[in-house]
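Chains as they are written, first to last, in our numbering: chain A, 1 to 242; chain B, 1 to 293.
Hints in this document: simulated from the structure, not taken from any laboratory. As the structure is a computational prediction, the values presented were derived from the model and not from experiment. A portion of the hints provided could be inaccurate.
Per the computed footprint, the stretches of chain B lying under chain A, defined by three or more beta-carbons under 8 Å from a beta-carbon of chain A, are [stated by the list, open to error]:
1. 89 to 99
2. 112 to 119
3. 173 to 183
4. 207 to 221
5. 225 to 236
6. 239 to 246
We treat Cβ as the ideally placed atom computed from N, Cα and C, and that holds for glycine.
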Amino acid sequence: MKSLILAAGAFALSGTMAFAAAHAETVRLGTEGAYPPYNFLNDAGEVDGFERALGDELCARAELTCEWVTNDWDSIIPNLVSGNYDVIIAGMSITDERDEVIDFSDPYTQPDPSAFVAMAEGDLSSGVIAAQSGTIQASYVATEMPGATLLEFATPEETVAAMRNGEADAVIADKAFLEPVVAEGDVMFVGEDILIGGGIGLGIRESDGELKAKFDTAIQSMKDDGTLNALIVEWLPGSATF
Amino acid sequence: MFAYCTDPASLDGLAWLSCYLTTGKHMNFYWSFGTVLLLLAITAPTALLFGYAGASAARSTLAPLRWFGQIYMAIVRSVPDIVFFLFFVIALDQGIEYLRHVTLCPDWDQPVRQGNDFVVCTAAKMPLGNAPQWMHEIYGAGLAVLTFALVFGAFAANVLFGAMRAVPRAQLETAEAYGMTRRQVTRRVLVPQMWVYALPGLSNLWMVLIKATPLLFLLGVEDIVYWARELGGTKSPRFTDYPHGDWRVYYFGFLLLFYLAFTKVSEVVLSRLMARLTLGQATAGGEAQRKAA
Chain A
1 MKSLILAAGA FALSGTMAFA AAHAETVRLG TEGAYPPYNF LNDAGEVDGF
51 ERALGDELCA RAELTCEWVT NDWDSIIPNL VSGNYDVIIA GMSITDERDE
101 VIDFSDPYTQ PDPSAFVAMA EGDLSSGVIA AQSGTIQASY VATEMPGATL
151 LEFATPEETV AAMRNGEADA VIADKAFLEP VVAEGDVMFV GEDILIGGGI
201 GLGIRESDGE LKAKFDTAIQ SMKDDGTLNA LIVEWLPGSA TF
Chain B
1 MFAYCTDPAS LDGLAWLSCY LTTGKHMNFY WSFGTVLLLL AITAPTALLF
51 GYAGASAARS TLAPLRWFGQ IYMAIVRSVP DIVFFLFFVI ALDQGIEYLR
101 HVTLCPDWDQ PVRQGNDFVV CTAAKMPLGN APQWMHEIYG AGLAVLTFAL
151 VFGAFAANVL FGAMRAVPRA QLETAEAYGM TRRQVTRRVL VPQMWVYALP
201 GLSNLWMVLI KATPLLFLLG VEDIVYWARE LGGTKSPRFT DYPHGDWRVY
251 YFGFLLLFYL AFTKVSEVVL SRLMARLTLG QATAGGEAQR KAA
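For reference, chain B alone in the conformation it holds in the complex (with noise of 0.2 Å):
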């Protein structure tokens, strides 16, 4: 990185750690930081999103979907998440290159399964075999976002499920009163006021979710956590120019400081926004803020 890095053995104090700290390596750590928080990012809002859809199809009139939303939640949250990450991506994978393999290759004759061997024919490869290394990391990050939005949404479909149920019924009652279709109750009075309701839920399914990224390796994202592992291991002379112990405590030290300050952003953020959802409601909370005023 900087002009006098050529010989680290030979530099001491501030200068030899400014030369290690920039190391590719290093940069491959700070940049995970960045693909973490963009994961999260794009994660949050799907799950929300599943979170919403799955709660709709559950409160639904129509049986069929009800029960598609009642066993999307009752399955996904019942299962243990690293079963869920190992099992889903797998298959997820493996059923889009299947899929890929019926249409692209219809007069292939072997059998996609030999033995333990989940063979597809070049074409349908998922990304091609001769794809850049960044193409099969976008799609790795993709199957992982996908997975993570699944189970995390169903914990938010449960969540705002019973937020749905928490506001008040008299409150739609008299929006059915003034003539509203259920379509308008819902959009114009249900779900303003049930995040209220929902955002204690939520919010712990965030700090779970911030905290739940180094799965994300057995997914094959290469995350803050196991680049810190690997820096901070016992480097020895022969394999670096940076020989150290082991340093695991230090990387670890700042993951911890890390994730202290990311939860604690979180939490001032979350509370002025349930500080605000509060505003005028119905509930304790809202009584609380009118007599403040």
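This is chain A alone, in the form it adopts within the complex (with noise of 0.2 Å):
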């Protein structure tokens, strides 16, 4: 009888063990669904774009589990030390300021140029100038702009919408994020683009050095064989391949 209990006992624990096994590799991805054509929701309400394709192949490749999860970018990089998800896949730049609190896996997309947007040529370097707040866009006008007025705002929508109904004179953003604005037709760009932040990369927890190497060969293996490019050429037109 006690053996029977036993064997048993040592099956159900054997159980619990493969069904944590299999499951263990399950990773978040966060987003912030906003800011197309990086990530946005389509409209069945599921996060798309070019990091949703990204996000899929490079978890397909390391040979996890992914769930997405949408956050307030305002809060994306608390929520993830906090560790109410695993990575930040969030078109977010690798900079040194956010270096210091999370880790970047390898960048994969190449230092996207910013750029300005405005209804009309203006002098931008004393204009109100929108950017969504937390982004290396908000603070280049706060530290090299020292003539114009920064309007912060929590999604990039809003920064769109303010230059539109005059309350600000351009936008600062990505450039792919800007082109199919300026697509629209009604909005143009002005000024030169910019060069800052150093390519977009996954933010990961800086205690989880496992999974950023694996997202690492996964990147590396997407650039390796050219899949990275299509993807690159087929969401962000206009930006630079590997």
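Since each chain sits alone in its own frame, please combine them into the complex, following the hints.
Right, here's the structure in full:
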């Protein structure tokens, strides 16, 4: 009788362990879902865009089960650090400032130029510039354009709306985000493109070296066989490839 | 949704609108109304319970319990809501995970705090990392309800504490004269009579609670305001079958109507409740009712 219980216990234990092993590799990907073409919610309410395609492919190559989660941009780093999801994949440029708090994978885009969009030509250096808060563009306006007034918004959508309704003279963002806005016809690129940021990477907790290594390998393999370039051409026309 | 929706670009007028309003994203929007109402329906009684417990504690003859009640009311009411919502939820979540970590993974040798990171073993994650998304959402909603209940419970405690003191002392003395114990006085005389004094304060709180639902998004619950902002934003033809300009004004207009209707219904219900509670009370309202009858 005793051995039967023991055997049953051992069986239950191995069962749980097998279950744990099969599912231990579920990785939660956190994104903003409001920054087309990088990431946005499609008509069905699901995460879609360049990073959706990229993330699914990376997970397949790294043999991870991935789950998509949307999170507010403002609290996207604190929620990663406290473990609510494991990866940030939200068009986040690699900067030294962020690198102090989290780790970044190898970049999966070339440094994308940032650009200004406005209703009409004007002097940007003394104008009101709208940017999403907590972005490299917002800190660029704050530090490099002393004459300009920075107007910060929580979502990228609001920055464009502020420019359209005249609250801001121009909006600054990644060029790939602004291309479709300009394509609608009523606004235009003004001034020079500027190069800030070091390419976009996955944000991963500093203590998660193993996960970072897996994604780095997967990103490298996509770079090697050209699939990453194909995705960039499909979703981010005009951006540099590898 | 409908068969003719396969090519929305060829539709116009009502047909287009019927397709547009039934996309998966809009369904999420409609569901979020249910979520918000459900969370309110759970939060309000829970907050009232916290309030009653807090007020009773603050009136206790036992000094430590009394201090606890008073400190609860004082601290929660004086900390700004948004700080409370950002700090408390993360602290609570990490506290739960830490407790699970200590019990489930006793032989874990790495520190829990590594620089900025909060690292617990996989088994201690709450909910487990491999749990389906809906469990994460339920857990998030649970934390949200608890936080709301704690915050609004403190305000409710203050209201009830005041209401308990507003019940005329003569009523309680009479009950004591009949030989009732302290507990009986509370249950039979104090509590039934305090509601009429508490209701104006509580109904205020209810109105504030209704309007506080956008705070839910801070806690990861996708509420109606989040979806209205998301749906109303400009949509360019490259990323959707239903391109449109900045329609946020319509969506927020709709929310305005929703909130107005909701508060109006609340007002009607609350004023009926007030009339009921006033019946036979030794208050100005009760006196007016007695004269009118």
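Okay, the hints, checked on the actual structure:
Counting residues of the stretch 89 to 99 of chain B whose CB lies closer than 8 Å to any CB of chain A gives 4, so the stated coverage by that chain holds, three being the minimum. Taking a C-beta to C-beta cut-off of 8 Å, the stretch 112 to 119 of chain B contributes 6 residues in contact with chain A, enough for the three needed, and the coverage statement holds. Counting residues of the stretch 173 to 183 of chain B whose beta carbon lies closer than 8 Å to any beta carbon of chain A gives 0, which falls below the threshold of three, so the coverage claim is violated. Counting residues of the stretch 207 to 221 of chain B whose beta-carbon sits less than 8 Å from any beta-carbon of chain A gives 3, enough to reach three: the coverage restraint holds.
Counting residues of the stretch 225 to 236 of chain B whose CB falls under 8 Å from any CB of chain A gives 5; the rule of at least 3 is met. Judged by the Cβ-Cβ criterion of 8 Å, the stretch 239 to 246 of chain B is covered by chain A as claimed, because 5 of its residues qualify and three suffice.
The structure is inconsistent with hint 3 alone, although it conforms to all the rest.
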